[in-house]
Amino acid sequence: MKEMLRLEHVYKTYNNTDGIKDISFIVNKGEFVSLLGSSGCGKTTTLKVIAGLEKVNSGKVYIDGKDATNFPPQKRDVTMVFQNYALFPHFTVFDNIAFGLKMRKVNDYDIVKKVKNIASILEISEYLDRKPSELSGGQKQRVALARALVVEPKILLLDEPLSNIDAVLRRTMILELKSLHKKLNTTIVYVTHNQLEAISMSDRIIIMKDGRIIQEDTPEKIFTNPKNRFVASFIGEFKMNFIEGRIEERVGDLKFVAYNDIVLNLTDYQKSKLWAFKDKFVILGIRPSDIYIKHPREGLLGNDFSGVVDIIEHFGINKLLIVKIKGFPITILVPKDFNVSENDTISFSLLPENFYFFDVETGENIFYEV
Amino acid sequence: MRLKIKNLIINFGLLLIIIETLTPIYFMIKYSISDRDSIITGGDVIPLWPYHPTFMVYKYLLSSPKFIDVFLNSVKVAGFTLLFALMLGVPMAYGLSKIKSVYRDFLLVFLMSIRVFPDIVSVIPITEFFIKLNLDNTILGVSLAHTLLALPYVIFILLADFEKVPPEIELQAYNLGASKTTTFLKIIMPMVIPSIIVSSIYIFILSWDEFIFSYFILGYGEIETLPVYLNKMLSFQPPQNILMGVAVLLSLPVFVFVLLIQKRLLINIKEGALKE
Ligand SMILES: Nc1ncnc2c1ncn2[C@@H]1O[C@H](COP(=O)(O)OP(=O)(O)O)[C@@H](O)[C@H]1O
Ligand SMILES: [Mg+2]
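If you read the sequences in order, they're chains A and B.
Position 93 of the first sequence, counted from 1, bears residue number 93 in my numbering, the numbering being contiguous throughout.
Position 189 of the second sequence, counted from 1, bears residue number 189 in my numbering, the numbering being contiguous throughout.
Take the hints with a grain of salt, since some may be wrong.
Unchecked claim - If the Cβ cut is set under 7 Å, some of the chain B residues that face chain A in the computed set are:
{"#": "1", "residue": "LEU176"}
{"#": "2", "residue": "GLY177"}
{"#": "3", "residue": "THR181"}
{"#": "4", "residue": "THR183"}
{"#": "5", "residue": "LEU185"}
{"#": "6", "residue": "ILE187"}
{"#": "7", "residue": "PRO190"}
{"#": "8", "residue": "PRO194"}
{"#": "9", "residue": "PHE257"}
Think of the hints as simulated: they come from the structure by calculation, not from any bench.
Just so you know, even glycine gets a beta-carbon here, dropped at the ideal spot from N, CA and C.
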């Protein structure tokens, strides 16, 4: 695999604090990499640094093998789609898309050909004569995308392209972006605060927080092997349950014990590592989707509980139950057609193989595999 | 019911504005085409419209080489002022819009300082300065003085518009390969056209009827602009119809100018209103 982009210890701070710190990562040719993090964590700054629109304080940016740290934006052959699309309001859609080609001194014949081609791929051919103000949000976004793609850049930078789009259209656009990436095989750095977008499109996800990279991995690995509690709660459509408790020895066996005498069995592997935490507090995490609902006549599986359903929330094909066990609320994900109503009592099992453990102080995943 | 009253008040207001605007125009035009009998009636009531309307005054003025000369001077001065004020004001406003620190406010106050004092105060040092530079008694000198007066306003009008341009638009142009110059000329400038139009009207009108600076800088030389000429004429107590003829011709370019761009201006005002 050929390396297309490499950032080495890049710092770009505003007022000495905000901005990005020590950012290093590599993107290979044709890869789709997402920068994921909540608002203000430095995602846009990272893109601007790659595009040369912000100068780094220190560190290096390599594009296609060349040290581009001091290249002006015009020389980088990297195009960016801004979050607000930044369409030129006084240009028609055609002129907007053609702008990059004109700057590259492409001849008129090829400009028309290329603009028409990309417009048909993005299904905006019929709007070429319109002004941006006459387009819907979704259409504007396609124009911005076409304008960035038509010059066949080395790297395409997308800054939260789907954030201004409603949920239904977002689903379709995720699929379209994916197939567009497959078709054009462009190297893409995609910025989002939406973990679903990142998980469903990326080859790799880079999680950022407060200007730093927290974890970088494939979507699957980030889901199953979160580096710390922050990543664990950020990734996953439904927020992980966190329970603080102590690791205690009970009749020669190691258990997790939470406030109201919730005593949980652990796997042998977990025990082997958690001996070091004996009599110490840890945070146990379990995803709402990992909690096993038992049939009424099913036998004991270990870590069996029954609790009263407090609240039911509906989420498309799923619903989320908030169940109290010994006064402690825990969320459980069940299929939409699972027959339950509020105030029912249900039985479920917290299977130890689905547990995550985090250090109380640092929040690090005790079982993180590098 | 409430709506009707509101409409009534608005319409009444509009009517007042129209009357207020049209009354002086009416008097100017009426007197300028009045025959002698309609002005000096010997005690009779002055008629609302002249008994025998005549364009004699205009024929006289437009065939007077002195008047033509003065009129052209005013056109030249206004033209140069327009050119200088835009050439300086547009880049200055753009530059200021890029400054994010407190220096900007300092510079703005500094720019405004020329208009903080009454013209009659600032005109003396400026005239003295212009005399030193041998700019007194020249079209260029008056134009530069007018530019000085117009600049603060031009900058204020344009600055507001430049600041409205989202920074991403500019970054996007660089990102797509445009140089700074191209970005400014092709992307940023067209986005502030409404303000450039408004500024142009303002500059033109300011220069066209500016008196104090023109009067001091031109002194008693042979170059005169229309307001200076009008002032000199007054001291000869000319007939009222000739005076009003000059006044009409003085206002004419302003009308023409506004008429020419009013359509464009209206579109911009409407677009602006819709944008909010
Ligand atoms: N031009 C700027 N001047 C000062 N602070 C900035 C500037 N741009 C971004 N920041 C700050 O840097 C941090 C990261 O911003 P940004 O990269 O836009 O975050 P994100 O895109 O992840 O929401 C934020 O705290 C933001 O306020
Ligand atoms: Mg951002």
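Okay, the hints, checked on the actual structure:
1. The restraint placing LEU176 of chain B at the interface with chain A holds, with a minimum CB-CB distance near 4 Å, inside the 7 Å limit.
2. Against a cut-off of 7 Å between C-beta atoms, the interface hint on GLY177 of chain B holds, since the closest Cβ of chain A lies about 3 Å away.
3. Of the supplied interface hints, the one on THR181 of chain B is violated, with its beta-carbon coming no nearer than about 12 Å to a beta-carbon of chain A, more than 7 Å.
4. Annotation: THR183 of chain B was flagged as interfacial toward chain A, and the flag is violated, the nearest CB pair being 10 Å apart, outside 7 Å.
5. Annotation: interface hint on LEU185 of chain B violated; nearest CB of chain A at approximately 12 Å, more than 7 Å.
6. At its closest, the beta carbon of ILE187 of chain B sits 6 Å from a beta carbon of chain A; the interface hint therefore holds under the 7 Å criterion.
7. Satisfaction of the interface hint for PRO190 of chain B is found here, the shortest Cβ-Cβ separation to chain A being roughly 5 Å, below the 7 Å cut-off.
8. For PRO194 of chain B, the suggested interface contact is broken, since its CB lies about 11 Å from the closest CB of chain A, more than 7 Å.
9. Because the beta carbon of PHE257 of chain B sits about 24 Å from the nearest beta carbon in chain A, more than 7 Å, this interface hint is broken.
In this structure, the hints that do not hold are numbers 3, 4, 5, 8 and 9, in rising order.
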